[in-house]
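Chemist: Chain residues, written in single-letter form:
There are 2 protein chains.
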Amino acid sequence: MDEAPYGSEDSRGYNSAYGSEGGRGHDCAYGAASGGEGGAAYDLITMGRIGVDLYPLQTGVSLAKVSSFGKFLGGSPSNVAVAAARLGRRTAVVTRTGRDPFGEYLRTELGEFGVDARWVTPVDGLPTPVTFCEVFPPDDFPLYFYRLPKAPDLELREGELDLAAIGAARIFWVTGTGLCAEPSRGATLAALGVRGGSFPTPPLPAVTLGGSAAGLREDGPAAGRRFTVFDLDWRPMFWEAPEVARTYYCEALRHATVAVGNIDECEVATGEREPRAAAEALLAAGVELAVVKQGPKGVLAVHRDGAVAEVPPVPVDVVNGLGAGDAFGGALCHGLLAGWGLERVMRYANAAGAIVASRLACSSAMPYPAEVERVLEGGRA
Amino acid sequence: MDEAPYGSEDSRGYNSAYGSEGGRGHDCAYGAASGGEGGAAYDLITMGRIGVDLYPLQTGVSLAKVSSFGKFLGGSPSNVAVAAARLGRRTAVVTRTGRDPFGEYLRTELGEFGVDARWVTPVDGLPTPVTFCEVFPPDDFPLYFYRLPKAPDLELREGELDLAAIGAARIFWVTGTGLCAEPSRGATLAALGVRGGSFPTPPLPAVTLGGSAAGLREDGPAAGRRFTVFDLDWRPMFWEAPEVARTYYCEALRHATVAVGNIDECEVATGEREPRAAAEALLAAGVELAVVKQGPKGVLAVHRDGAVAEVPPVPVDVVNGLGAGDAFGGALCHGLLAGWGLERVMRYANAAGAIVASRLACSSAMPYPAEVERVLEGGRA
Numbered sequence: 014m015d016e017a018p019y020g021s022e023d024s025r026g027y028n029s030a031y032g033s034e035g036g037r038g039h040d041c042a043y044g045a046a047s048g049g050e051g052g053a054a055y056d057l058i059t060m061g062r063i064g065v066d067l068y069p070l071q072t073g074v075s076l077a078k079v080s081s082f083g084k085f086l087g088g089s090p091s092n093v094a095v096a097a098a099r100l101g102r103r104t105a106v107v108t109r110t111g112r113d114p115f116g117e118y119l120r121t122e123l124g125e126f127g128v129d130a131r132w133v134t135p136v137d138g139l140p141t142p143v144t145f146c147e148v149f150p151p152d153d154f155p156l157y158f159y160r161l162p163k164a165p166d167l168e169l170r171e172g173e174l175d176l177a178a179i180g181a182a183r184i185f186w187v188t189g190t191g192l193c194a195e196p197s198r199g200a201t202l203a204a205l206g207v208r209g210g211s212f213p214t215p216p217l218p219a220v221t222l223g224g225s226a227a228g229l230r231e232d233g234p235a236a237g238r239r240f241t242v243f244d245l246d247w248r249p250m251f252w253e254a255p256e257v258a259r260t261y262y263c264e265a266l267r268h269a270t271v272a273v274g275n276i277d278e279c280e281v282a283t284g285e286r287e288p289r290a291a292a293e294a295l296l297a298a299g300v301e302l303a304v305v306k307q308g309p310k311g312v313l314a315v316h317r318d319g320a321v322a323e324v325p326p327v328p329v330d331v332v333n334g335l336g337a338g339d340a341f342g343g344a345l346c347h348g349l350l351a352g353w354g355l356e357r358v359m360r361y362a363n364a365a366g367a368i369v370a371s372r373l374a375c376s377s378a379m380p381y382p383a384e385v386e387r388v389l390e391g392g393r394a
Numbered sequence: 014m015d016e017a018p019y020g021s022e023d024s025r026g027y028n029s030a031y032g033s034e035g036g037r038g039h040d041c042a043y044g045a046a047s048g049g050e051g052g053a054a055y056d057l058i059t060m061g062r063i064g065v066d067l068y069p070l071q072t073g074v075s076l077a078k079v080s081s082f083g084k085f086l087g088g089s090p091s092n093v094a095v096a097a098a099r100l101g102r103r104t105a106v107v108t109r110t111g112r113d114p115f116g117e118y119l120r121t122e123l124g125e126f127g128v129d130a131r132w133v134t135p136v137d138g139l140p141t142p143v144t145f146c147e148v149f150p151p152d153d154f155p156l157y158f159y160r161l162p163k164a165p166d167l168e169l170r171e172g173e174l175d176l177a178a179i180g181a182a183r184i185f186w187v188t189g190t191g192l193c194a195e196p197s198r199g200a201t202l203a204a205l206g207v208r209g210g211s212f213p214t215p216p217l218p219a220v221t222l223g224g225s226a227a228g229l230r231e232d233g234p235a236a237g238r239r240f241t242v243f244d245l246d247w248r249p250m251f252w253e254a255p256e257v258a259r260t261y262y263c264e265a266l267r268h269a270t271v272a273v274g275n276i277d278e279c280e281v282a283t284g285e286r287e288p289r290a291a292a293e294a295l296l297a298a299g300v301e302l303a304v305v306k307q308g309p310k311g312v313l314a315v316h317r318d319g320a321v322a323e324v325p326p327v328p329v330d331v332v333n334g335l336g337a338g339d340a341f342g343g344a345l346c347h348g349l350l351a352g353w354g355l356e357r358v359m360r361y362a363n364a365a366g367a368i369v370a371s372r373l374a375c376s377s378a379m380p381y382p383a384e385v386e387r388v389l390e391g392g393r394a
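Chains as they are written, first to last, in the working numbering: chain A, 14 to 394; chain B, 14 to 394.
No wet-lab data here; the hints were simulated from the structure.
All clues given are correct.
Result set (DSS-like, lysine-lysine): computed pairs, CA atoms no more than 30 angstroms apart in a straight line:
1. B:Lys78 - B:Lys163
2. A:Lys163 - B:Lys163
3. A:Lys163 - A:Lys78
4. B:Lys78 - A:Lys78
5. B:Lys163 - A:Lys78
Stretches of chain B that chain A covers, calculated by requiring three or more beta carbons in the stretch to come under 8 angstroms of a beta carbon on chain A:
6. 75–85
7. 117–123
In this text the structure is predicted, and so the values were computed from the model without any measurement.
Every residue, glycine too, gets a C-beta built ideally from N, C-alpha and C.
Whenever a hint applies, use it, and build me the whole structure from the sequences.
Modeler: Listed below in structure tokens is the structure:
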């Protein structure tokens, strides 16, 4: 196994880097499952892709040579919900499966991961998607999607959404893939509209700049602290052309308060490839916080109020880079809900991503808080 | 594991039964790989479906509970070619895959099984199909096909076929699935047309009626002994309605000399469900030999010249019924080429099918001649 600072492009184009320095974690106050709220609002509702991931049980070889596969829950926003649940958050997923045994499996599996699957409904006539990957550590993880003629998760319809619950969630998370086809596109934009309209997003708490990992403690009922995250999640095979995507990405960014993406994804959304310029373009498009995953150069986060955090990669023996971005996303949500400073949030998310990159699985590999702490203390996944 | 005479419906509707009595095998002369010919003609060319089969490594549980899968070459006509190759026959497959690692795997795997893959070509833009199954022995093996929006093997085109080689093959084997969509339908019918036109099929050698397993020995150069097999292979999910299929099934039967199918498949082709009536209807539709697989009641074979063979099932501890029909088909080809009597051919094919039913895999489970002999001698798979 090569040792590498995790951060090369994987097949999703996930490009984060995991910082080894800093973050001691001594000043963290992790939120309880419900985030300390008295009400029924979810800490996190994600909306979008789900499927069965089939991962080779032999790594470093082509699919042509793999003799057996393990079966895992997959799909980026679903994994983000799993990652946040592992960190103690109350989460739910809005998505659809086929009406088949794989669909049953996904609903059951979400439940076992502590994610509410009440909004995961079956679609007749479309099989639950499966995705194969090849595992060539440290930086090559091609994906082979079986989502044709159409994935059930693209059959999400506005009229079937629980818009009150989506509006009330402390964080609502959508991805670019949900915009690639109707009726999912309209449903996704409608859900974002509920967020933008009824629940104006107050600014982040004051962030800590520079090298300190100190941040604010989570301060109990955090009614004022809501986030709407748009994960740029660019999968070219789901789109005719990047130009088609950009129109809808811009519309989503107008409703979101946080944008997360790697350089390729930022370019699709904004036309910019230079990280700081891309971050500024995302802010200009409407969000308050732009998180740019730069591979070996680390992660850059820029807030509209002027706060900037840039954190380096965590050294890691990469086993499978897939899912690291989802671990990053789940931990990002956890840190935002906790009210930590920007740099602390990024270090924490980086560490969570590095842990998953060091493991074969995705969903079942999502770290518990103590595991993230150990990496933040030891500097190594 | 339940013990059952193999013969219940599997998800393909494969319905054969494996006879335990009779067949001693003492009078068999197995053909060499080339069937003793001096020329370059193949013993068997099959045309149609191919894909990657993913079989649960845990049996008796729903796909929802399966944690890992093994990867195997699949697709009925491809497996028939593998089965005949295992019995020493020179075989080739005409089919198409995606241009992806699974497609490479299938070409390589055919070669390793001794099947010529020169006519297995990649199609851009369509993934190699994958098929999952559930394994509930002894009689329930649901299949989950991922062949949408279109399987590459349905992109076979008449203009790309080696019609001279197809015409010259001692046996040419097609299946009903190849008729479910264009351009495969036109290509399949064109290939059948070459068989019917240029190469009139002489009658079977005199067959042995009644309980004796004796048959004719293979007599070296067998220029006169050619067969064109239509495997009725009814997969309802690939068709709008049975009535649509029947039109094309009838056209194929006009060109074929042998028809093979279970009761459901015979009904699609002829409207008849009573085995003898179905066999007669197949003969009336144009073939010389009708093989009706009747599940627990065994196999019925009726020849136009009046010969009839009916053989009972072989008792078998069924592990996975999938692939048993393909083993039956490959052994049927072997027996026809060997020039055996009708009953001997059926007993031999039944035994080969029972062996595969007693194993998890399909392609890699196809029996060698000595294994079939042992079953014929011992009466048990």
